[in-house]
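Asker: One letter stands for each residue in the lines below.
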Amino acid sequence: MQCAPGMAVYPQEERLMLWLALALLAGVGTGLLLHLDLARADIYVRAALLALVFLIGLGLGSDWKRIMGILRRQGFEMMMTPLLTVAGSLIGGVLAGLLTGIAWRTGLVLASGFGWYTLSAVIVGEELGARMGTLAFLANIVREVLAIVCIPWIVRRAGGAAATASAGATAVDVCMPVITRSAGPEWAVPAFISGGVLSLLVPVLVPALLSI
Amino acid sequence: MGWLLLALGAGIGLGVILPKAVQKGEGLIRVLLGVLVAALLFLMGLKIGSDREVLSALPSLGIKSLAMGGLPLICSVLLVWLYTRRRKG
Chain L
53 MQCAPGMAVY PQEERLMLWL ALALLAGVGT GLLLHLDLAR ADIYVRAALL
103 ALVFLIGLGL GSDWKRIMGI LRRQGFEMMM TPLLTVAGSL IGGVLAGLLT
153 GIAWRTGLVL ASGFGWYTLS AVIVGEELGA RMGTLAFLAN IVREVLAIVC
203 IPWIVRRAGG AAATASAGAT AVDVCMPVIT RSAGPEWAVP AFISGGVLSL
253 LVPVLVPALL SI
Chain B
-13 MGWLLLALGA GIGLGVILPK AVQKGEGLIR VLLGVLVAAL LFLMGLKIGS
37 DREVLSALPS LGIKSLAMGG LPLICSVLLV WLYTRRRKG
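Residue numbers (the numbering used here), protein chains in the order written: chain L, 53 to 264; chain B, -13 to 75.
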């Protein structure tokens, strides 16, 4: 996909944010109203993600030389994004703990899920009980949902790297199409690397912080 | 993550082989991306709305989860933004 520098940020980002929020709310409303059997939902989610990532790849491949040039220039920044995302998330976890009366150590643990709500909730639930497990689940869902809805705005105000940081581990899957749609196709690889590094860190960091 | 890497690789490969065809279908790809993102979010919402356990925990854990999810996001964005601004400045 051709994307001139001036076109990297699309002009109708607020409208995109609204549509994304509406799609999510429509899903929540439907779930509340109808008692659906969601046994197959994960299969559909996976299929949609596969198709999305494939389409993003098509855009990247068709403009490969230009995008590789941009990535070479961004090399160092690409490494810094996951590092700063970890630091920022842990600082935020401690602050949230102080604000809500939860122990700062628990705040660190909950923040180190980086949006990967299924895995972090299971690990936290086993160690700290069902209530904290549910909080880990909810906190990381909140992070993912907030990232999805706010990414178009974050891209416009702070750029693609900051948008990638907001997504945490989910930059590798659910948030990647939102990032590339708002920031441009050249952000697919940085998002994949940052989200991938953070996803690998979750199963290491959550148990490590639990043992502090 | 492996299957995502495969899908991305397959897309990049096809895009490198057939750049003209992909650029011609750019409009369609954008529409498809939009529809798929909306479908993904709808499915995510559906899962949240159908999960009675999560819904029943919301009144007691809602504010805490908002802080625990929101502040790490805000601090990450701020750090990366400050870093990129400093590099550019």
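What the hints contain is simulated information worked out from the structure, not anything from laboratory work.
We put the beta carbon where it would ideally sit given N, CA and C, even for glycine.
A hint or two may mislead.
Stated by the list, open to error - Pairwise CB distance ranges, derived in the manner of DEER restraints:
hint	chain 1	residue 1	chain 2	residue 2	range
1	L	125	B	39	19 to 27 angstroms
2	B	10	L	178	45 to 53 angstroms
3	L	139	B	41	29 to 37 angstroms
4	L	183	B	10	48 to 56 angstroms
Asker: If a hint holds in the structure, say so; if it doesn't, say that too.
Answerer: Consistency of the hints with the structure:
1. Remark: the range hint 19 to 27 angstroms for residue 125 of chain L to residue 39 of chain B is contradicted by a beta-carbon distance near 47 angstroms.
2. Look at residue 10 of chain B against residue 178 of chain L: about 52 angstroms separates their beta carbons, and that is inside 45 to 53 angstroms.
3. Restraint check, residue 139 of chain L to residue 41 of chain B: a C-beta distance of roughly 33 angstroms satisfies the suggested window 29 to 37 angstroms.
4. At about 54 angstroms, the CB distance of residue 183 of chain L to residue 10 of chain B agrees with the hint of 48 to 56 angstroms.
Consistency note: the structure conflicts with earlier hint 1 alone.
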